[in-house]
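Asks: Heads up: the protein sequence lines correspond to chains V and Z, in order.
If you count the first sequence from 1, position 163 lands on 163 in the working numbering, and the numbers rise without skipping.
If you count the second sequence from 1, position 93 lands on 93 in the working numbering, and the numbers rise without skipping.
These are calculated hints, taken from the structure and not from any lab test.
A portion of the hints provided could be inaccurate.
A pair counts as met if it fits within one copy or between any two copies, since identical chains are not told apart.
Pairs of lysine-lysine residues, derived as DSSO-like cross-links and limited to a Cα-Cα distance of at most 27 Å, are as follows [as the list claims (entries may be wrong)]:
#1 K147 with K57
#2 K53 with K3
#3 K145 with K20
#4 K53 with K147
#5 K53 with K145
#6 K173 with K57
#7 K3 with K57
#8 K84 with K147
#9 K83 with K145
#10 K20 with K83
Protein chains: 2
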Amino acid sequence: MTKPRLILDQDDVLAATHGKLAQIVLSDFGTNLTHEALHQGPLQQHLSPEDQKRLYKLIHAPGFFTDIPVMPNAYEAVLELSKKYDIFVATAAMEFPNSFRDKYDWLQTHFNFIPWSNIIFCGDKSILSGDYLIDDMPRNLKTFKGKGLLFNAPHNLEETAYERVRNWEDITKRLL
Amino acid sequence: MTKPRLILDQDDVLAATHGKLAQIVLSDFGTNLTHEALHQGPLQQHLSPEDQKRLYKLIHAPGFFTDIPVMPNAYEAVLELSKKYDIFVATAAMEFPNSFRDKYDWLQTHFNFIPWSNIIFCGDKSILSGDYLIDDMPRNLKTFKGKGLLFNAPHNLEETAYERVRNWEDITKRLL
Chain V
1 MTKPRLILDQ
11 DDVLAATHGK
21 LAQIVLSDFG
31 TNLTHEALHQ
41 GPLQQHLSPE
51 DQKRLYKLIH
61 APGFFTDIPV
71 MPNAYEAVLE
81 LSKKYDIFVA
91 TAAMEFPNSF
101 RDKYDWLQTH
111 FNFIPWSNII
121 FCGDKSILSG
131 DYLIDDMPRN
141 LKTFKGKGLL
151 FNAPHNLEET
161 AYERVRNWED
171 ITKRLL
Chain Z
1 MTKPRLILDQ
11 DDVLAATHGK
21 LAQIVLSDFG
31 TNLTHEALHQ
41 GPLQQHLSPE
51 DQKRLYKLIH
61 APGFFTDIPV
71 MPNAYEAVLE
81 LSKKYDIFVA
91 TAAMEFPNSF
101 RDKYDWLQTH
111 FNFIPWSNII
121 FCGDKSILSG
131 DYLIDDMPRN
141 LKTFKGKGLL
151 FNAPHNLEET
161 AYERVRNWED
171 ITKRLL
């Protein structure tokens, strides 16, 4: 029997990208902001235009995506889900051409059971077809024809149009 | 009105990849094969296991995809098609992790009117949804839900299951 297809976003679903960015702001940007404040609302809204540019440069530099921590419990959960679902990873890497190899190597390092055939670097995710998509960006869920689950993130707290999952425990409860 | 989506393969549809490989065999591999012979059947079938390994190494090396010639009339045809179709490029780049940046830059150089949001690096193309797919690999057309067109190539000459297009003139006649 064919398994249902489950497509996972990489940043802020498998990888704690926001966490790395917030940590950089706290330790290097000489800010008065707290860790808590940086986890409420989009990161940009807390930053001056100058600091936004600084962060933009950092994200676009080679190497930025190499050492991002894995989201808590993501490895165990995806491994478990892979028994019942055909797992794909789809990331909007085209926005960051310096990230291609870093993002690929990161997946090989942390989710080595996902074959290269099931990795997608794209831009506009409306090109994807599958049964489930877990993503932190409402715009990606909007165009998805299957069932979309919104992974909780500081920049999507006010979104109400999609079923929300707060963490990987929520996801395994929902899908297993 | 939304334009229909036309997904194009990169190698052997936009880029004359087989042509570059055949040229390398003819000029560097000390072979008795002719240009004509190398355009009949899969390239591997003409090569010794040793030469197959040599070619495999070349394809997987950084830089291989940077200087591939554009397929005859592809630029003009895709530009014309882009007025009626939403053009995406989907290439099985995941098989060649050293090719990511080369393939991206090649598209920026030769098809700069295709936005980064419409480029997809993938493996298994059954993840794609669209109205048309033009590809030289029957396996990619087999799983496609829209209309597939097989782009003529030495390695697919015996395939009869799909509508065949011989070149970019054929494609514009068929789709415009």
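Asks: Return the numbers of the hints above that this structure violates; sort them in rising order.
Replies: Failing hints, ascending: 1, 2, 3, 4, 5, 6, 7 and 10.
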